[in-house]
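If you read the sequences in order, they're chains A and B. Under the working numbering, the first residue of the first sequence is numbered 1, with each subsequent residue one higher. Under the working numbering, the first residue of the second sequence is numbered 196, with each subsequent residue one higher.
It should be emphasised that the hints constitute simulated quantities derived from the structure, not laboratory data.
Calculated pairs, DSS-like style, for lysine-lysine (alpha carbon to alpha carbon, straight line, at most 27 Å):
# : chain 1 : residue 1 : chain 2 : residue 2
1 : A       : K131      : B       : K242
2 : A       : K15       : B       : K342
3 : B       : K218      : A       : K174
4 : B       : K392      : A       : K165
Computed from a prediction, not measured in an experiment: that's the story for all the values here.
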Amino acid sequence: MEDEIKFLSLPDVIKYTIVYLDKKDYESLHMIENRALEQAITDYNKDFSEVCVMIYGLRKLISKKHIFETEEWTAYQKRIIENLNLSLTNYRDEDLSKFNNFIKDTMAIIKDADRKLGRYVSVVIEDGRIKLASTAYAYGLSAAQASDLLSISKKQLMAYVGITKMPDEDKQFKSIGERVHLLDVMSGVNAGDNK
Amino acid sequence: MKIVFDSGVIISFSETCFLSLFKDIKEVIGEFIITKNVHFECVGKVKHVMRFKLSSVKIEKEINSHVFDVYKSDKQLDEATNKIMYLTNNMFFVRGKPLKIIQIGEAESLALLGLTDASYLAVDERTTRMLVEQPHSLIEIFKRKYKTNKVNFDEQKYIKFVELIGNVNAIRSVDLLFFAFKKNLLSNVFNDKESLKGALYAMKFKGCSVSFEEINELIDSL
Chain A
1 MEDEIKFLSL PDVIKYTIVY LDKKDYESLH MIENRALEQA ITDYNKDFSE VCVMIYGLRK
61 LISKKHIFET EEWTAYQKRI IENLNLSLTN YRDEDLSKFN NFIKDTMAII KDADRKLGRY
121 VSVVIEDGRI KLASTAYAYG LSAAQASDLL SISKKQLMAY VGITKMPDED KQFKSIGERV
181 HLLDVMSGVN AGDNK
Chain B
196 MKIVFDSGVI ISFSETCFLS LFKDIKEVIG EFIITKNVHF ECVGKVKHVM RFKLSSVKIE
256 KEINSHVFDV YKSDKQLDEA TNKIMYLTNN MFFVRGKPLK IIQIGEAESL ALLGLTDASY
316 LAVDERTTRM LVEQPHSLIE IFKRKYKTNK VNFDEQKYIK FVELIGNVNA IRSVDLLFFA
376 FKKNLLSNVF NDKESLKGAL YAMKFKGCSV SFEEINELID SL
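Model the full assembly from the supplied sequences, consistent with the hints where possible.
Structure below.
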């Protein structure tokens with residue numbers, strides 16, 4: 001069991017993101033995203049969860065050769081790294097709202113790159129929100145808490161959870177038959193209450 | 196008998212076109228109650244989103260036809276909700292930190308259980324259901340997911356939580372659907388087990404926390 005986990009601050013996460021993005025290191029970006037998401041869940045921290053969505057979008061884009069080998073991507077990446085460096089400056093100046101604005105701007109750049117260079121209709125940032133919310137749900141947050149942390153609706157989350165194997169991994173407490181038998185008994189016992 | 200509903204079960208029924216079944220189930224069971232928050236989550240929050248508008252219109256119709264009683268917020272509910280929020284979000288600790296596992300909407304539904312003397316919470320999502328009926332299984336999930344043994348559970352807070360919600364059971368959309376099948380309330384739609392299996396699978400794919408194994412076991416037993 002990995003018990004001693006070093007705390008990552010938001011600037012640490014951004015610094016690692018810049019380094020791994022520059023190297024187009026998809027796996028390391030994924031690792032940073034996972035660690036940051038665990039912190040977002042543990043602390044219920046929306047600043048962390050937004051950064052996770054941003055990293056998700058970045059790693060998805062740099063995993064596609066038809067995107068990262070284009071000249072357009074080079075220009076996008078330059079803008080993203082500039083933005084991330086500016087976010088760090090604002091974080092150091094303790095201006096968290098400006099920091100968050102730079103993260104939002106970075107996500108807007110990612111969306112634009114995805115729309116112009118991607119081949120799929122689905123949107124990488126929105127997909128990221130749903131997938132990360134399902135991870136937060138798997139970690140034990142309630143559906144409402146997990147969907148709120150990643151700014152999606154509970155409906156979107158539950159529809160996604162339904163097509164994963166998550167419910168199949170849990171230990172069964174009572175079977176459907178047992179639950180319905182109890183409901184049958186209880187509704188019979190309490191039938192007088194209804195009248 | 197009274198059942199407090201979370202939004203998930205209502206949405207699952209709406210998405211699988213079984214919403215009208217609530218009226219018949221209610222006639223067998225008793226009272227169905229929702230909080231204003233659940234009403235907002237099912238109707239108000241999504242009625243301007245085209246993707247969900249139809250579902251919200253259908254649910255609003257059910258609520259307006261008094262299948263669900265909407266509990267009006269009052270001081271008593273607010274106080275009980277705040278206590279539930281504090282107890283549940285300071286009950287489990289991972290590496291010494293309390294996990295904020297539930298939101299105010301869910302806390303309000305839990306608080307309503309105690310205030311209305313309800314016997315059941317109808318809930319499709321895993322965490323709130325486990326809080327009610329098997330909190331120790333949540334500890335196992337936290338240990339597995341966070342890859343640590345440093346997970347603590349505050350038993351005293353759990354006891355206070357149970358005192359507030361009362362002796363309640365949890366029921367999911369798949370259970371209610373099977374209940375309706377057993378009571379012949381679905382006979383105008385289907386009455387064979389293969390169709391039932393399809394309906395239960397549809398509920399699962401809408402997010403009801405149930406495994407394929409559970410559904411298949413039930414169908415094999417019929």
